[in-house]
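Given the sequences, and given the hints that come with them, work out the whole structure.
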Amino acid sequence: MSWLLALPIIVPFVTAIFVFLLRKKGAAGRWLSVLGCSVLLIAAGSLMAATWRDGVVAAQMGGWPAPFGITLVADLLSAVMVLITAITGLAVAVFAIADIDARRESLGYHALFQILLAGVCGAFLTGDIFNLYVWFEVMLIASFGLLVLGGDKAQMDGGIKYVTLNLVSTVMFLTGIALLYGLTGTLNMADLHGAVQQVENQGLLSVVAVIFMIAFGVKAAVFPLFFWLPASYHTPPVAVSAVFAGLLTKVGVYALIRTFTLIFNHDIAYTHNILLAVAALTMITGVLGAAAQNEFRKILSFHIVSQIGYMILGLALYTPLALVGAVFYLVHHIIVKANLFLVSGVAKRLTGSFELSAIGGLYKSSPLLAVLFLIPAFSLAGFPPLSGFWAKFLLVKASLEIEAYLIAAVALVVGLLTIFSMTKIWAEVFWKPHPEEISPELSMIDGRTRLALLLPVFALAALTVTIGLFPEPFVMFAERSAGQLLDPAVYVQAVLGVTR
Amino acid sequence: MNSLILSAATRILVGLMLLFSVYMLIRGHNEPGGGFIGGLLATIGIVLYAISHGVAAAREALRLDPLSIAMGGLGMALFAGIMAVFFNDAFFSGQWAFPFAEGDDKGFPISTVLLFDIGVYLVVVGAVLSIVLGLEEEV
Amino acid sequence: MEILLSLLIGLLVAASVYLMLARNVLRFLFGLVLLSNAANLIIFVAGRLTPEAPSLVPEGYSAPPELVANALPQALVLTAIVIGFGLFAFALVLVYRGYQSLGTLDSDVMRVAEPLAEKASSPKAELEVKGL
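Residue numbers (my numbering), protein chains in the order written: chain Y, 9 to 508; chain D, 59 to 197; chain B, 3 to 134.
These are computed hints drawn from the structure, not numbers from a lab. You can take every hint at face value.
With a straight-line Cα cutoff of 20 Å, these simulated SDA-like cross-link-like pairs (lysine to any residue) come out:
no.: 1; chain 1: Y; residue 1: 32; chain 2: D; residue 2: 126
no.: 2; chain 1: Y; residue 1: 161; chain 2: B; residue 2: 28
no.: 3; chain 1: Y; residue 1: 356; chain 2: Y; residue 2: 436
no.: 4; chain 1: Y; residue 1: 356; chain 2: Y; residue 2: 379
no.: 5; chain 1: D; residue 1: 164; chain 2: B; residue 2: 64
Dropping the structure here:
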């Protein structure tokens, strides 16, 4: 069991080392990166199978017993996040074959990409809050490198904002850990679950909870803390921004869900009400920001912010159904958002720009791409029968159930405004004729490149449709996962009971 | 920098610092020291060389790209962790061997922990050097 | 001693906030260094300050023979320092490269990635913004 948990971290690291040594060799490094992601997918799949069979699985690294050593632990949420990371990683690795130029390759794109995946998987799997900090940093330093790799002017500009604001959140996180350690004397998350209940000054615990909320809020890009995201996500190559859009903010959301179900559930009326307000404001500001943008990837970036609000909403309502919705939303969103960024990359390839005013005519010249855009776009907006519909349906139903009509209304209106943004992209990029009267056809790209560009888009779209048409097993899965989140005893038993 | 005193002193100091860094690395086994501090000391030695003889000369003396050194170190550290699989232990469990051990005397203990520390040493040398040499070339 | 260190942490945070509110990115970075040092000190104090010996196990023992200081915060602080050092070095290089390619350290003028609305559409206007 120990190795099953460690493999999703080991595999990308090993891949990173070899692709770095092959970075000047061109094709070899690319294919090795794809191979590494495939192995990661297999490892994640078997981890998923193990958690589905046995519930929560845990292992102590180095043989040091919990709570003293570092624990790796996977419940269904962690396992599904690792699985989805592997899927997104594989899709982007294939896309990168066609998207990343030789210069960025020789600078070590593939190695940084693999280290990023290792960091993300590590963050999902660790059961120790300080170790979570370390994985955040691994992820962060790789993302810094990826963001400014190549050193275009816009990249440096976006990079400076991304790096500085994320560093502040890092220090906040560290401060939170220090105070939590001072209060409880432990860092193991399962152990913390019990230890926080014995803290005399529960008010102080709420302060620490808010510090964690701010730290993870910056990572997750929630309402007052999201400014780094739309400033930077549209600057790097698509193969970078797609993986960022799919995974990075979701690690923040995962961390919020993990800490605010396992550790900080002492004063739900206080902390989760803050989260509720944050969720509503995040949804609204994100979607309004998107409405004001006229650049493909900037619109999508603001929509990331808006969609994060839905996931936080699920956590904030804190009912079983709401958490089901949050988990479902998380999975659906990663696939859809990464896919939309990939589509924007293909569109840029064909028409030469991300500016909506400078491109057009894709519906007539490449209808296949138009269909491939519509699937994730409609899913994002919540059209039945795509995955986004069920995700939104669960969340709205959850808010109606506890008579939170206002937040339900906000969620529905934001969904409507999402359609507005998506139709704007549709009208500008696909319907209107190209301003320079060129008709960009998919057949202009040579066969193998085209395959590398479209295969991941197609696969992710197929996944979206599958979740949409057969939601039942996925909802059932999310239900079991939410059950585990609401009943931390199983998690605690798995971690602390292993060696006792 | 073009200074006779510095370059003459560097010739002796670099060797001493590199030697001392290895001493620190091995001493870290049971006493204060270790891969990180040793790596930093080695870096300082090489940076000193870069200051007195120029960055190009320092890169040539290194023979390998600093980042490749760092990646090699990462691989070594990871391999030290993976070694545990051969002994049916959890990831990163330290594995020890005691060749020449007689009775109470532990002989010449070697371990994956040391391998990990050497990996850390190389990562620190590689990562810090690539930053410092990169900055030195810019200015 | 705790009170003294708390005051010091407060002072560091105050100074770092002052520095971070500046528009100059380099000042922001120095503020960040102070802030991360403050965070390290918080970890150190959170582990309780005790006057015992350093936590080393002498040869022949399997546990320290007398009371020793809490080793965990020291390990945490060491990790945090190493990570902070790496991130800061990276950020410094980034700001320097940014200064070279953008020609400024003023975060208000850095608008290449997000050009002002009225100038947004044409690449020529973008060049003008870069020239600032």
